[in-house]
Amino acid sequence: MRYILISILFLLPVLSRAQQPSPEAEQFFSMAMSQINSKHVGWIKRTAADTNYNNLNQQVLGRKAKAYAGIYSITGEADIQALVFLVLMQASKSANEDIRAIMEKVKSDNEKKKKLREAQEIIKNNQQISAAQYDSFNLVLVKPAIKQNVVVNQNNASVNQRTVSRQDINTLAEKLGRELDSMNEMSEMNSIRLQIYMDRVSKMQSTISNIMKKIDSTKNQIVQNLK
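Counting from 1, one number per residue, gives the positions in the sequence shown under this note's numbering.
No lab work stands behind these hints, which were simulated from the structure alone.
Hints may be right or wrong, so weigh each one.
[Unchecked claim] Label pairs and their in silico Cβ distance ranges:
id	residue 1	residue 2	range
1	GLN128	GLN20	49 to 57 Å
2	GLU104	ASN55	50 to 58 Å
3	PRO23	GLN59	26 to 34 Å
4	LEU139	ASN54	39 to 47 Å
5	ASP181	GLY70	39 to 47 Å
6	LYS213	ILE71	22 to 30 Å
7	ASN184	GLY62	40 to 48 Å
8	LYS227	ASN184	25 to 33 Å
9	MET31	GLU121	51 to 59 Å
10	GLU174	SER209	51 to 59 Å
11	GLN20	ASN110	22 to 30 Å
12	GLY70	ASP199	30 to 38 Å
13	GLU118	ASP168	57 to 65 Å
[As the list claims (entries may be wrong)] Here are the computed lysine-lysine pairs in the DSS-like style, where the Cα-Cα straight-line distance is at most 25 Å:
id	residue 1	residue 2
14	LYS227	LYS39
15	LYS64	LYS227
16	LYS93	LYS175
17	LYS112	LYS124
We put the beta carbon where it would ideally sit given N, CA and C, even for glycine.
Let the hints inform the model, and build the full structure from the sequences given.
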């Protein structure tokens, strides 16, 4: 699973570009969401959130859109398809935000894991560590990695000369190991979540593209009908 996550991280820029909607789809989405009835906009956003939470498919969205359209006497098939399109566009944007958030967490966690391993290696290869090193290793456990550097050289630690007992060092080593194990488990979960979100967005974009082809020639009239 670790290698799958590394592969996804490496390919993400390419995959992200491939999962972006067409300029025409983006243009229609922006135009429609800024011009149609605010009640429809509210429904689209609520249904998009429901779509991401419950992983609703196109068939379910079609039924929901048809039922909602009936309330406002919207009967045109293109108008109903446009509602599905707008929901999927909104849902895909939210899903892409989730993907970016996961990626930021993965990057941060990878930096912290790197520093945890550095600390483990220093403890493993040295019978004694300085107080400054001991303090820096403890800080790695509780602070974001980008804000805390591991003290590597004991000679740089002359400011704090207190003695660190072997028991304290062993206890610290156990803490570092537990934290690294926990973060590795979290990485597995993030890898699964990332793959799920990317698969969902890919399916959404395929459906968005198909619907856009059907409604492209009548998109201006659709916006008028949904005002």
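Hint check:
The hinted window of 49 to 57 Å between GLN128 and GLN20 holds, with their beta carbons roughly 55 Å apart. For GLU104 and ASN55, the hinted distance range of 50 to 58 Å is not satisfied, since their beta carbons lie about 23 Å from each other. Separation of PRO23 from GLN59 is about 28 Å and conforms to the stated range, judged on CB atoms against 26 to 34 Å. The given range of 39 to 47 Å is respected by LEU139 and ASN54, whose C-beta atoms sit roughly 41 Å from each other.
Remark: the range hint 39 to 47 Å for ASP181 to GLY70 is contradicted by a beta-carbon distance near 54 Å. Separated by about 28 Å at the C-beta atoms, LYS213 and ILE71 satisfy the suggested range of 22 to 30 Å. In this structure, ASN184 and GLY62 meet the distance hint of 40 to 48 Å, their C-beta atoms being roughly 42 Å apart. Checked against the given bound of 25 to 33 Å, the beta carbons of LYS227 and ASN184, roughly 53 Å apart, lie outside it.
Taken as a hint, the range 51 to 59 Å holds for the pair MET31 and GLU121, whose Cβ atoms sit roughly 57 Å apart. A C-beta distance of roughly 53 Å is found between GLU174 and SER209, which places it inside the suggested range of 51 to 59 Å. GLN20 and ASN110 have their C-beta atoms about 25 Å apart, which keeps the hinted 22 to 30 Å range intact. Between GLY70 and ASP199 the beta carbon distance is about 32 Å. The supplied range of 30 to 38 Å therefore holds.
At roughly 19 Å, the beta-carbon separation of GLU118 and ASP168 lies outside the given 57 to 65 Å, and the hint is violated. At most 25 Å may separate the alpha-carbon atoms for a hinted pair to count; LYS227 and LYS39 meet this at roughly 9 Å. Taking the CA atoms of LYS64 and LYS227, the gap is about 19 Å. The hint holds against a cut of 25 Å. Using a Cα cut-off of 25 Å, the hinted pair LYS93 and LYS175 is violated, with the two alpha carbons roughly 39 Å apart.
Annotation: proposed proximity of LYS112 to LYS124 holds, straight-line Cα distance about 18 Å (limit 25 Å).
In this structure, the earlier hints numbered 2, 5, 8, 13, 16 are contradicted, and the remaining ones agree with it.
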